[in-house]
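Enquirer: Letter by letter, the chains look like this.
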Amino acid sequence: AQSVTQPDIHITVSEGASLELRCNYSYGATPYLFWYVQSPGQGLQLLLKYFSGDTLVQGIKGFEAEFKRSQSSFNLRKPSVHWSDAAEYFCAVGAYGGSQGNLIFGKGTKLSVKP
Amino acid sequence: EAQVTQNPRYLITVTGKKLTVTCSQNMNHEYMSWYRQDPGLGLRQIYYSMNVEVTDKGDVPEGYKVSRKEKRNFPLILESPSPNQTSLYFCASKPRGGGENEKLFFGSGTQLSVL
Chain L
826 AQSVTQPDIH
836 ITVSEGASLE
846 LRCNYSYGAT
856 PYLFWYVQSP
866 GQGLQLLLKY
876 FSGDTLVQGI
886 KGFEAEFKRS
896 QSSFNLRKPS
906 VHWSDAAEYF
916 CAVGAYGGSQ
926 GNLIFGKGTK
936 LSVKP
Chain B
936 EAQVTQNPRY
946 LITVTGKKLT
956 VTCSQNMNHE
966 YMSWYRQDPG
976 LGLRQIYYSM
986 NVEVTDKGDV
996 PEGYKVSRKE
1006 KRNFPLILES
1016 PSPNQTSLYF
1026 CASKPRGGGE
1036 NEKLFFGSGT
1046 QLSVL
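Protein sequence lines correspond, in order, to chains L and B. With my numbering applied, the first sequence covers 826 to 940. With my numbering applied, the second sequence covers 936 to 1050.
Extracted from the complex, chain L is given alone in its bound form:
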């Protein structure tokens, strides 16, 4: 069965420090992979997505993620965190060419940023 694991429930980093949020997935076919961000009181916004090709994908707000098939991972990174990045982050996996959008979401990682 498809699943997504985000091992870290809550992470705190200092402003200006680098960030890596972990995501591992289990999926039998070629996956679509996504990272969404949810600011307090808001809906979810797409940060970036991977379908094929270059395994390092760039997203909005200075985020990037790297797909590593051998590790079934899709970790999100940012070189220098800003206070406005404090939010909850969700990794998701979808079916490639399949169910047209049924995404499986991880349970989320809440990011706090220290001044």
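None of these hints come from the bench; they were simulated from the model. Quick caveat: nothing in here was measured; it's all calculated off a predicted structure. C-beta: ideal position from N, C-alpha, C; glycine also. One or more of the hints may lead you astray.
Just a few of them, taken from the derived set where beta-carbon distance is under 8 Å, the chain B residues facing chain L [unchecked claim]:
(1) 977
(2) 978
(3) 1025
(4) 1043
On the provided structure of chain L, position chain B as indicated by the hints.
Expert: Chain B alone, transformed into the frame defined by chain L:
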């Protein structure tokens, strides 16, 4: 402006009193979906619809109904709400076709409390 609109934003009700949460999108998307978000559980899919008059169960459909009579609207119906349906609900939509256009657009959420 392209958007997914949910109403109401906040709702407090009592056990057993039927309610409907509306969802409307102005992007002519074929696919629409409802999720509930609970602390520590991430987003779980309730129902989804691939097109008008086509709906299917997600992971947690019990206690919910949906309908898709028009392309733009996808209401979520709770015939007899119970306290365990207290949650934050999100509607989402996306165009058919997948591939590079694979991206869910989310509404701002409806916080439901069932007393």
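Enquirer: For each hint, tell me whether it holds in the structure or not.
Expert: Now the hints, each set against the structure:
1. For residue 977 of chain B, the shortest C-beta to C-beta distance to chain L is roughly 4 Å, which falls under 8 Å, so the interface hint holds.
2. For residue 978 of chain B, the shortest C-beta to C-beta distance to chain L is roughly 4 Å, which falls under 8 Å, so the interface hint holds.
3. Taking 8 Å as the C-beta cut-off, the interface hint given for residue 1025 of chain B holds, the closest approach to chain L being about 6 Å.
4. Using the Cβ-Cβ criterion of 8 Å, the hint placing residue 1043 of chain B at the interface with chain L is satisfied: the shortest such distance is roughly 5 Å.
Hint compliance for this structure: no hint is broken.
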